[in-house]
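Its first residue numbered 1, the sequence shown is counted upward by one per residue in our numbering.
None of these hints come from the bench; they were simulated from the model.
Quick caveat: nothing in here was measured; it's all calculated off a predicted structure.
Be a bit skeptical, because a hint or two may be false.
Claimed, not checked - Below 20 Å or equal to it, Euclidean Cα-Cα: the simulated EDC-like pairs (lysine to aspartate or glutamate) are: (1) Lys17 / Asp6; (2) Lys210 / Asp195; (3) Lys16 / Asp27; (4) Lys208 / Asp190; (5) Lys122 / Asp79; (6) Lys83 / Asp53; (7) Lys170 / Asp195; (8) Lys156 / Asp190; (9) Lys104 / Glu70; (10) Lys80 / Asp108; (11) Lys83 / Asp108; (12) Lys116 / Asp79; (13) Lys104 / Glu75; (14) Lys215 / Asp172; (15) Lys71 / Asp6; (16) Lys159 / Asp89; (17) Lys208 / Asp172; (18) Lys197 / Glu207; (19) Lys197 / Asp185; (20) Lys186 / Asp121; (21) Lys197 / Asp154; (22) Lys17 / Asp27; (23) Lys170 / Glu182; (24) Lys159 / Asp185; (25) Lys215 / Glu182.
As the list claims (entries may be wrong) - Using C-beta positions, here's what the derived DEER-type ranges look like: (26) Tyr169 / Asp140: 16 to 24 Å; (27) Thr184 / Asn38: 41 to 49 Å; (28) Asp203 / Thr153: 23 to 31 Å.
All C-beta atoms, glycine included, are put in the ideal place defined by N, C-alpha and C.
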Amino acid sequence: MTDRNDIEIWWTDLLKKYQGYMGSGYDLIEYLDKFLGNLDQADRQTTIEFLTDKAINFADGFAFAYSTLEKHSNETSLDKIYKCAQTVDFNDEKIIYPIGVLGKQGSDKHRQFLNKFFSPDKLNEFETFVQWSLFPKFPDLFVTTYSKYLRLTDYKEWKGSGVTQSFMYKPDALGLLKDHLEQTDKKTWDNVSRDIKAALTTDIWTEKQKTEVRKIISAPNSTLPKAGRSWWQKLFGSE
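Kindly produce the complete structure, drawing on both the sequences and the hints.
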């Protein structure tokens, strides 16, 4: 599939096929992931270029293109998405799409831009949509950003919600959040801990998930993995 017209027809038909029913967006993203994984190198490259073009021009199906590129970007597509991101206002909802790719696939050269978007002294109304894109690629930025949201948002707004329950799937991320908040904002950590413990009493999580999370909650800060302590000490110092 190397002809541009053929790819356009394929894309248009694909969007029509997955329109109009609940869950269609997730199904399409899953399909595109598998589709790209089965292509040979040349066709895969061509398709990534096509999806990148749709993404940076915010053309039909751009959200699906960006979601697919969160996993399948290459250096060229990342450069184009980075340039695109710099043209989008931080108060425009479209910013979440390039930010999501840069968080998932970006490198140190994108770090300054991500820092600017996830500014530590204010809460952007769209950043909650892409906080998780920072983990595990940018763990320190993830934890400071997530902590900022929890600190600046009334506990009643996120109590019992996916804001904290999402950590049931990522106990290692919960460990980083715990260490940070216990050092910087004990009150907020107490609220998070209370909320997580309430989630542990429900039946929607596996015993394995519950066991891993309980270990994180009860562990002292000294259990922070040595691999992560170097950047942590640079940020917050060490005792």
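Now for the hints, and whether the structure bears them out:
Proposed proximity of lysine 17 and aspartate 6 is supported: the alpha carbons are some 16 Å apart, at most 20 Å. The straight-line distance between the Cα atoms of lysine 210 and aspartate 195 is roughly 13 Å, inside the 20 Å bound, and the hint therefore holds. Pair hint lysine 16 plus aspartate 27 holds up; C-alpha atoms about 13 Å apart against a cutoff of 20 Å. Only pairs whose Cα atoms come within 20 Å are accepted, and lysine 208 paired with aspartate 190 is rejected, the gap being roughly 23 Å.
Restraint check: the Cα-Cα separation between lysine 122 and aspartate 79 comes to about 27 Å, which exceeds 20 Å; the hinted pair is violated. With a C-alpha separation of about 12 Å, the suggested pairing of lysine 83 with aspartate 53 holds against the 20 Å cut-off. Proposed proximity of lysine 170 and aspartate 195 is supported: the alpha carbons are some 15 Å apart, at most 20 Å. This hinted pair checks out: lysine 156 and aspartate 190 have alpha carbons roughly 14 Å apart, not beyond 20 Å.
About 6 Å separates the Cα atoms of lysine 104 and glutamate 70, which keeps this hinted pair within 20 Å; it holds. About 16 Å separates the Cα atoms of lysine 80 and aspartate 108, which keeps this hinted pair within 20 Å; it holds. In summary, the hint linking lysine 83 to aspartate 108 is supported, as the alpha carbons are separated by about 15 Å, within the 20 Å threshold. Restraint check: the Cα-Cα separation between lysine 116 and aspartate 79 comes to about 18 Å, which is no more than 20 Å; the hinted pair holds.
A hinted pair counts as satisfied when its Cα atoms are at most 20 Å apart, and lysine 104 with glutamate 75 qualifies at roughly 13 Å. A distance of roughly 11 Å separates the Cα atoms of lysine 215 and aspartate 172; the hinted pair therefore holds under the 20 Å criterion. A distance of roughly 24 Å separates the Cα atoms of lysine 71 and aspartate 6; the hinted pair therefore is violated under the 20 Å criterion. For the proposed pair lysine 159 and aspartate 89, the alpha carbon gap of about 30 Å is over 20 Å, so the pair is violated.
For the suggested pair lysine 208 and aspartate 172, the alpha carbons sit about 14 Å apart, so the restraint of at most 20 Å is met. The straight-line distance between the Cα atoms of lysine 197 and glutamate 207 is roughly 14 Å, inside the 20 Å bound, and the hint therefore holds. Using a Cα cut-off of 20 Å, the hinted pair lysine 197 and aspartate 185 holds, with the two alpha carbons roughly 18 Å apart. Distance hint between lysine 186 and aspartate 121 is fulfilled; the C-alpha atoms sit about 19 Å from each other, no more than 20 Å.
For the suggested pair lysine 197 and aspartate 154, the alpha carbons sit about 19 Å apart, so the restraint of at most 20 Å is met. Distance restraint check for lysine 17 and aspartate 27: the Cα-Cα separation of roughly 11 Å lies within the 20 Å cut-off, and the hinted pair is therefore satisfied. With a C-alpha separation of about 18 Å, the suggested pair lysine 170 and glutamate 182 falls inside the 20 Å cut-off, and the hint holds. The hinted pair formed by lysine 159 and aspartate 185 meets the criterion: a straight-line CA distance of about 17 Å does not exceed 20 Å.
A distance of roughly 16 Å separates the Cα atoms of lysine 215 and glutamate 182; the hinted pair therefore holds under the 20 Å criterion. Taking 16 to 24 Å as the suggested C-beta distance range, the pair tyrosine 169 and aspartate 140 conforms, at roughly 20 Å. For the hinted restraint 41 to 49 Å between threonine 184 and asparagine 38, the CB-CB distance of approximately 46 Å keeps it satisfied. Aspartate 203 and threonine 153 have their C-beta atoms about 28 Å apart, which keeps the hinted 23 to 31 Å range intact.
Taken one by one, the earlier hints fail for this structure at numbers 4, 5, 15 and 16, listed in ascending order.
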